[in-house]
Every structure is written in structure tokens, then in C-alpha cells.
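So the chains spell out like this:
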Amino acid sequence: MLRAEGLHKSYGDHIALHHLDLAVERGSIFGLLGPNGAGKTSFIRIINQITAPDSGQLFFNEEKLSASHIKKIGYLPEERGLYPKMKVGEQLLYLARLKEVEKSQAKERILQWLKDFQLMDWKDKNVEELSKGMAQKVQFIATLLHQPELLILDEPFTGFDPRNTEIIKKEIQRLRENGTTIIFSTHRMESVEEICDSIALINKGHKILEGSLIDIKQQFRSGHYDLVIEESELGTLPQGIKVLNQESIQGKLHLKLKLEPEDKKGLLQYLSTKNLHLFREEEPKLHDIFIQSTAEE
Amino acid sequence: MKKIGLIIQREFSTRVRKKSFIILTVLGPILLAAIMFLPAYLASLPTDERIITVLDESILLDFEKGKDEVRLRYLPPDKFDFESAQAFSEAQGDYAFMHIPLSEGGDPDFVARNTRLMRAGDISISVESYLENTLEKYLQKEKLKAAGVDPEIIARTKTKVNLRVINTDEGLETENAAIIKMAIGYVAAFAIYIFIFLYGAQVMRGVIEEKTSRVIEIMVSSVRPFEMMSGKIIGIGLVALLQFTIWISLGILFYIITVQLFIDPQLTAPSLSAGAGANNAVVDGLMADNALLGIYSSLQSIDFFGIIASFIFYFIFGYLLYAALFAAVGSAVDKESDSQQFMLPVSAPLILSLIVIIRALDNPDGDIAFWFSMVPLTSPLVMMARLPFGVAPWELILSMVILLISFVLLTWFAAKIYRIGILMYGKKPTFTELLRWARYKN
Chain A
1 MLRAEGLHKS YGDHIALHHL DLAVERGSIF GLLGPNGAGK TSFIRIINQI TAPDSGQLFF
61 NEEKLSASHI KKIGYLPEER GLYPKMKVGE QLLYLARLKE VEKSQAKERI LQWLKDFQLM
121 DWKDKNVEEL SKGMAQKVQF IATLLHQPEL LILDEPFTGF DPRNTEIIKK EIQRLRENGT
181 TIIFSTHRME SVEEICDSIA LINKGHKILE GSLIDIKQQF RSGHYDLVIE ESELGTLPQG
241 IKVLNQESIQ GKLHLKLKLE PEDKKGLLQY LSTKNLHLFR EEEPKLHDIF IQSTAEE
Chain B
298 MKKIGLIIQR EFSTRVRKKS FIILTVLGPI LLAAIMFLPA YLASLPTDER IITVLDESIL
358 LDFEKGKDEV RLRYLPPDKF DFESAQAFSE AQGDYAFMHI PLSEGGDPDF VARNTRLMRA
418 GDISISVESY LENTLEKYLQ KEKLKAAGVD PEIIARTKTK VNLRVINTDE GLETENAAII
478 KMAIGYVAAF AIYIFIFLYG AQVMRGVIEE KTSRVIEIMV SSVRPFEMMS GKIIGIGLVA
538 LLQFTIWISL GILFYIITVQ LFIDPQLTAP SLSAGAGANN AVVDGLMADN ALLGIYSSLQ
598 SIDFFGIIAS FIFYFIFGYL LYAALFAAVG SAVDKESDSQ QFMLPVSAPL ILSLIVIIRA
658 LDNPDGDIAF WFSMVPLTSP LVMMARLPFG VAPWELILSM VILLISFVLL TWFAAKIYRI
718 GILMYGKKPT FTELLRWARY KN
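Taken in order, these protein sequences are the chains called A and B.
The opening position of the first sequence corresponds to residue 1 in this note's numbering, with each subsequent residue numbered one higher.
The opening position of the second sequence corresponds to residue 298 in this note's numbering, with each subsequent residue numbered one higher.
Keep in mind the hints are simulated off the structure, nothing from the lab.
Hints are not guaranteed to be accurate.
[As the list claims (entries may be wrong)] Straight-line distance between alpha carbons at most 20 Å, and here's what the computed DMTMM-like set of lysine to aspartate or glutamate pairs gives:
1) B:Lys315 x A:Asp124
2) B:Lys299 x A:Glu100
3) B:Lys316 x A:Glu100
4) A:Lys169 x A:Glu129
[Claimed, not checked] For each label pair, taking beta carbons as the anchor points, the in silico distance ranges come out as:
5) A:Gln246 x B:Asp631: 54 to 64 Å
6) A:Asn61 x B:Gln306: 27 to 37 Å
7) B:Gln306 x A:Asp116: 21 to 31 Å
8) B:Asp631 x A:Thr165: 23 to 33 Å
9) B:Pro326 x A:Lys125: 54 to 64 Å
Cβ atoms here follow ideal geometry from the backbone N, Cα and C, with glycine treated the same way.
Using the sequences and the hints given, assemble the complete structure.
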């Protein structure tokens, strides 16, 4: 769907993107992760053709990115706003028409969206009269009116209350099911784990990680396991297994183990005769991967 | 191009629908007239009447009444002496007290040396100079009398001259219309000045509004910055043009009504056809009676079509040139209060032009007028001030071409700053940074 090849962008002495290669698959939710100032916004601005890269290329559906793609892309910027003195309906119509949607079609879609988001009563009100949450819904609608193939959401949940966050999350899922590709830029990991299919982690303009969420988690397996067992039954663990932590809670022993993959079979055999409460591999948290990877840089 | 159309439409319609536009359209001409003519009007207003008590022991002044706001009150010298006259003046609350002593042996110079003007406080310069002139006039008369000149002869030889000035430039003897030309030049230049400031500031405010409300972030993903900037400038320019058209129409309506009501059409008809022969003597005689007709016939000697056409040109390109700069200023700052630093270099040429046109109106073909009507940032105002007096076609064309070229270059430069500025927040940039922005590739 979208492919970057050797994208490079600098502002004076500051290098915002360092020969970046990336690929976003059609119909997926792609998490673009990185701390503040990593180059996420620079990358997004290049996709939106707000700025041009110094070198490198970007392909949209295997075509070189050009002005004709603008109407196929929807962009919800992190810092976003609307004309305060314009009516909600007019404003949406204006933004839709700038994305080359026919007037009558735009009007139809606006009504539908306002209905879906329960904003019909506000159609003829000035934007400055809306609450922050409502204004954000309007902004969200504005990015979707032209039914983009690629939707770029930059920190979409900042400022949303939990209820609206749920509404937007559902909407994002629905869009994905309908075939929209979504780039989701954020530095907040919780939401990424929930909704992203694949991610790229960038820091200081460099790509550090890229791949499906499952693969990355696989790659960052720590070999740590949690084990809960009756205290009296533990006995001696097989060779090669390290106990990192041990704690007795109400007659049950809680252990944190580290083991190499080849030792797992032996351990399981040993445990099969015991009164076992829990045996689970500790899943790496994206948050930890993020911290670990950016620290290595 | 379709997108620019949409932007122009938005900028235009949101502004024209505002109450403030309607109010300004109605009150504008009044305000404009007030700004231009109020200082002159205030200066000409009669101030409070100032009574000067005069004890004229020489009976020099012949009971001259005074003029304008100065009135002279004479006290009879047989009933008052210096002290009692001064006390009387103070008791009456008069503005000042003047004592003209009795001259020994009728020597006018003695009076000139010993006349005193007294007031508790400072005396207005106009009052002082009026009294001095009056005294000089009467003392001169006394001296002439002493030299044996008959006062009758003095009165008879007094002559008033109204110089008949004729402009031979156009090959025919048109009435000199310098005053009218000055007025037209001044009004035209001032109108451009006001419009550039008024609507240039609107462009700047519009850009700042888009930045602070962050709507710009959403806009740039659909529209190129240059389209946004030009759409905004053109949209607001159309608002200005609409407003101006309304004002001009009102002006023309006013002119027609004045001509209809106050000038007899039978008189104007022959004066329009050059050399109407037999009637001329009659017409000339009648024309002198009708001051408005004088103005009217002076207006005939001015090339209105050329002036209006040039006005539209300088109005449009002057506005476009400055509006692009105002847009760049707006894009560089986050809030209006930060714009001062950049406003100064942008508005300085405008203010300078306003100063220069005073010279240009007095000497429309002088060096200063010529050069400032060529420099692109000052030419819209200065050339308009010169035009009613007649400007060589090559000068006009050169000035217009220079303005056009600078318009293209400056807009290109402003757009480069704008493009970067609209997405920059935080620290207020310096001039060096602005220049660096202009050099960024994309």
C-alpha cells in the first residue's frame, strides 16, 4: 500500500529522517512509534506532501507518490483545529470539497456522519460553541468524508475522554474491516498493543524495528516464565533452570524462572507430576521493548 | 485551481456576511473623510471669542473691530487711565489688555516702541501677530500722512490681485486646476494607503487565526500552502474591491446629484464645447458667479479615465504586493502581539510614501517624486499623487512594469516564508531565521 525507500529529510543541521525504509500493508493498522522528535511527524508530512524529502522515494499502491494521491489520503494531525467562526456543517463541506468530493455527495455523507456521532443538533452551530470532545469528533469526521484509502492518525486519542476513545477505536476497527489502511502514530504503547497489526519503531530519524506485532514480540522473548506451585511439591528443579525470584504466598510458591528453549521440555516433564497452579511465559510488553530499543540507541 | 476558487469563496463570503463589513461599508466614507479632513477642519474651527481691551490714547486704531476670534473693546481715554483700564479688563475677564500710549509730538515710532500687551499667562501667537500687523498697518498710514500723502490716495491705490493661471501644456487654455489635482492625487493615494493597511492587516490576522486555531494543520494536507496564501489574499482583496466599488458608486451618485442640483445645465453645455463663440462672453460673466461651476470646468481638464485605470492597477498590485508580505509576517508568528517586530519593516515604506506624497503634490515632476514613484513599495501611493498633474507615458509604464516584476518576486519570497512559517510554533523567529526559511528547498 505504502512503501518508503531511503527517505531522507533534514532541516539545516538537524536530520529528521535518516534513509528510512518502511512498508505498510494494505488493510492493516500500522503503528508508527517513537518518542517525541523521532521523526514521525516529518514522515507523515512527507506522505501528505506537505514537505518533500531531500532524497528517497515514496510509493502509494506501487505508484510514485504524486499530487493525485492527496484525495486518497486522510490525515488527522496531532495538533488540530477548525475555523472557530464557521458552522459545523459548512466547515465539513468546505474541507470535503477541498478533498474533491462532489458537493451533493459531501452533504449526504456529512448528514450520515453527524447522525452516527449524534452531532445533528450542532450542524448549524459555530465550531467555537462545541465542547472539546465534540470538536474532535468533527475533526475526525473531516478526515473521513472523502473516504480515504489511507488514513493517518497522529495521536488520535489525546484529549478524548474514555467514552469517545471507545467510539473512535470502534470506528477505526470498522474502517479496517472495510479495507482502509491506517497509519497510527503515537508514543503511547497501550493503544498500540490493542489495535495495531504491525509496527515500526523510529528514534532520532532511524528505524529501529519493523514487523508484525507477533513477530516483534517473538523476537523480544525474554525466556522468563512464571510458575505457581504448592510449596511442599517443588523439590529440585532440573539442571540449567535459573530461579530469578521466589516468593511464598499462602502456602503457594510463586517463582520467576529463566530457561533456555531446550530446557523447556525437561521442565514440563518434571512439572507434569506436580500439583501445578500456573505455568506461563512472560510476554514482552511493547512498552519495555520501546524503552529497551530507544535506550540502546 | 479549483481549490483556490473554494478558498477565495470562503474568505470572501465569511467576511462579507459579517456585520462589521456592512457597518464599515456605511461608515467608511465618513471615517475616511474624517481622517483626511478632520485635522484641517479642526484647525479652521472658530475658537472661543477673545476680547482684547484696548486703551488707545493716540486714537491710532480708528476703532478697528478685530477679526475672526479676536474682538477689540475700546475704552474711552477721557474716562480711563492705564490703571483703571487694566482693572476694568481684569474685572470683565477679557483675554488681554493693550495699551497704546499718547505719542509725544505724534511720533509713530514712539507708539511702536511703547505699546504694551498684557495678560496673566501666555498669549496666543495668532492673537499677537494679528495685533502686531494691525498696529503696523495703522502706523504706516500715520507715517504716510505725515509725509504728506492724502489718505484718500492710499485708499484708492489699494489693489487686490487674483492671478489668472493658465496651463498651456495641453495646447489649449484650460483653467489651472492645481488645487483640484492635488486633492484628487491626495485622495487617491490616501485611499490606497488605507486599503493596504486595512486589508493587509486582515490577511495577516487571517493567517494568524488559522495558525492559532491549528486549522492550518488540517488544511495543508489538502491544499498547497501557496494555494492557501493566494486564495486568502485574493478573497480578501475581492472584499476590498467590493467595498471600494460601493464607495465609488456612492461618490459618483453624490457627484451627479450635486451637478444636477447646483449647476444650471444650460451653463455647462456651452462651456463643454470648446470655443462656443458668441455665448462665451455671457458664459464667462456668469461663470464667475458660480464657484461650483469653476470647479466643474477645472475637472474637465483632468484625464479621469487614465487616472481611474491607473488607480485600479496600483490599487490591485499595491495590495497584492503588501498582502503577500503581511501573510508572511502572519505565518512567522503565533499571536498578533508578536507581529510588531515584523510589521515595522513592512509598514515603513507605506508611511514613508505618505510623507513623500506631500512633496510630490507640490512638485510632481521633481526628483523625489520621480524616484519614489519607481520604487515598487512606494510607487502605488506616490505615482497616484503625481498622476493628476500628468505623467509621461514611459514613466507610468516603467513604474507599472517594476511593480509587476517586484510583485512576482516578493510573492515568491513571501510564499517561501509562509510555507515554513505556518507549521512552526513556539519561539518567535528572527529575521535571519526568516531568510533561512526562504532558502529551504521544500
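The hints, checked one at a time:
1. For the hint pairing lysine 315 of chain B with aspartate 124 of chain A, the CA-to-CA distance comes to about 16 Å; that is within 20 Å, so the pair holds.
2. Pair hint lysine 299 of chain B plus glutamate 100 of chain A holds up; C-alpha atoms about 9 Å apart against a cutoff of 20 Å.
3. For the hint pairing lysine 316 of chain B with glutamate 100 of chain A, the CA-to-CA distance comes to about 31 Å; that exceeds 20 Å, so the pair is violated.
4. Of the pairs offered as hints, the one joining lysine 169 of chain A and glutamate 129 of chain A is violated, with about 25 Å between alpha carbons and a cut-off of 20 Å exceeded.
5. Between glutamine 246 of chain A and aspartate 631 of chain B the beta carbons are some 57 Å apart, a value that agrees with the proposed interval 54 to 64 Å.
6. With their beta carbons about 32 Å apart, asparagine 61 of chain A and glutamine 306 of chain B fall inside the hinted range of 27 to 37 Å.
7. Our hint of 21 to 31 Å for glutamine 306 of chain B and aspartate 116 of chain A holds, since their Cβ atoms are close to 28 Å apart.
8. A C-beta distance of roughly 29 Å is found between aspartate 631 of chain B and threonine 165 of chain A, which places it inside the suggested range of 23 to 33 Å.
9. At roughly 36 Å, the beta carbons of proline 326 of chain B and lysine 125 of chain A sit outside the given window of 54 to 64 Å.
Violated hints, in rising order: 3, 4, 9; the structure is consistent with all others.
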